[in-house]
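Residue numbers are given in the numbering used here: position 55 of the sequence shown equals residue 62, and the series is strictly consecutive.
Rather than coming from a laboratory, the hints here were simulated on the basis of the structure.
There is no bait here: all hints are sound.
Quick list of in silico lysine-lysine cross-link-like pairs, DSSO-like style, CA-CA up to 30 Å:
| hint | residue 1 | residue 2 |
| --- | --- | --- |
| 1 | K651 | K571 |
| 2 | K579 | K14 |
| 3 | K113 | K169 |
| 4 | K571 | K476 |
| 5 | K407 | K474 |
| 6 | K473 | K490 |
| 7 | K651 | K407 |
Since the model is a prediction, treat every value here as computed from it, not as a measurement.
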Amino acid sequence: MTKRQKKASVWLVVLLIAAMLCMVGANQVQTASGKIDVTEGIIASPDGDLNYKLYTPVTATEANPAPGVLLLHGYQNDHETCAAYAIELARRGMVVLAIDEFGHGKTVPGLIERGWVNKKVSVNFGEESEADGTFKKIGGTVRYKIMMNFSNLSFFNDIYSKDDAGNSIKNSAEGGIEAYAWLAALPNVDATRLGVSGHSMGTWASWSVSAAYAGATDAAGNDITPKATVLQCGELFRNSVYDNSKIYFNNVLLLQAKYDEFSYFRDYENTVSDDLLKSDLRTEFLGTTADKAAWNTTFGSFTDGSARRIELLYTNHRLTTHDANGLAAAIDWFEDALGVKSGLASNDQIAMGKEWLNLAALLLVLMAMLAFMVILLDIPFFAYVKQPLPSRAGIYPRGKWFGSALTAILIAGVFYPFATQLGHALVPFPDNIFRMTIGGGLMIWYLFVLLFSVPIMLVGMAKAKKKGKVDSWYDRGLSSQTKPDRIDWQLVGKAGLVAILMAALVYCFVAIVDALFMLDLRIIWPMFATFNGMRIGQFFVYLWIFVLYFLVANSKAFANLRTKATYEPGFKGFLGTWWRSCLVMTGGILLIVAIEYIPFFANIGPGADLLFGSTFGGPFMSLMILLLPQIVVYSLIDTFCYRKTGNVYVGGFIAGILACWIVTGGSSFL
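With these hints in hand, go ahead and build the complete structure from the sequences.
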């Protein structure tokens, strides 16, 4: 073992131990230091298996049954996104069930089982008409119809839940109805004191569950109607859209994010204002008049189920799931509605500790992965992967560097809002092969960027050759010093194997902590989780596109745009190389972030909705809060890899693998 390998081995062991200690700490948080029993399993449903995670306070026994709460996550999430609510409610003596809804996590049925119809509304339900075009037919791919029908619910009147082509919204509860029955039947749960909460897409599922069990009784004759429904960024609708002689909702709390990227899709308004609160829809919900409507005020009574409240949170759509004020409001609501007296203040919260420990573990494992790479590269078989950096003759002067970097930034930024949304819904690729909904959007964006970037690269190389300048495949980081004018497949193959082994190290860690603690590597939203059979298949379907994109991006950011910092040793050289590459790789997203959020936080509205129309707002705009930090981390990893290997293959391969893993391992599928 070389001296470098010995040093890297020490780092590898230390980093993995530190990461494991973080996960031990995260498990202590989710179990409240042994006060909550956490288990996982499968609930059978007519549509297929539903994956669940159950949080049971040790005080909940058959002799002392506790209230129960069902949690339903939002679009692109899984049961673990509900962890903050689950932990805090379970700490207060409630049995909490969080499931993976259709098409999410490890649940078997896809989103397609939710159903769809060929029409949609473009105003609030109950206020539309075919005459003025606010209730109209839609065409396009199945996934597009499903996305457009998220707010059409299966308990709505037939005009909304069925169409003239024989389609229907089959199950807008997305597994929640079966999960609620399972929770109610647990011997340590008081079935007469149950509640439901959901975020975003899960709010529509929450409405559907509460509607399904309005006035319901169990086998023993107990009334198991939900006593409370908490909506995290949810939609309201008129009583006229369902049969309110049979369906009713007890004690409903709406958590309203002030900066909600999806406001237009639910309220058809670009901002959340006091005027929205005083609208007919809101005042009907609150059971008051416009002059008396107020944020953060409870109307009605918990005794008869008429309690209503809209809590205004100064956060955005995705962060609502872990907003401390929103969580406190939900805790108080469930305690009042379910008759819980825990003695814990609602602002006494520990759940975010788990998320920060998860993040620390994630970053530590990625650092350990780089230490492992150093060990591998000093093995004789892999030594060929380490190539010397190309000649300094290819260094870009400052002005030319910024001009070329700006071109790359504009290409990525201009295509992002259009290509992602088109791929998400309208581009007619086969849904039975490319099943990942968010993956389809990213795939089309990557392909659009490649469509422009690769020809620009090839033209640049041809011009350089014509002028007698040095600009070979080797200079672009895509070949070896010995084979500068063609792809060196030995280099590609060995670099690919190094990346596979690096990813395998991370996957083994994830599998171990999943088995030990039922946790994965994440921060609030899905990141790195273990695969089931369907998801590993999707991983290989999308992998080549992700890898190709990152290889080309790395070639541009590192090899083509070399500067003096590329050749400087030590941390100074690393930092100088990294910030430039990071700017190139994230610049397009930063551009769209500015366009989207500057007018949004100025209370004008989301930039994409204002500039391009509501079709190009929503999912992929809110996704930037996840995508941007990921790309920053990829740029750090790729900088390290490029400086260690002199080519873009290890960095491009591992970034592509990690990015594809995140998308296919945790996001939604049809």
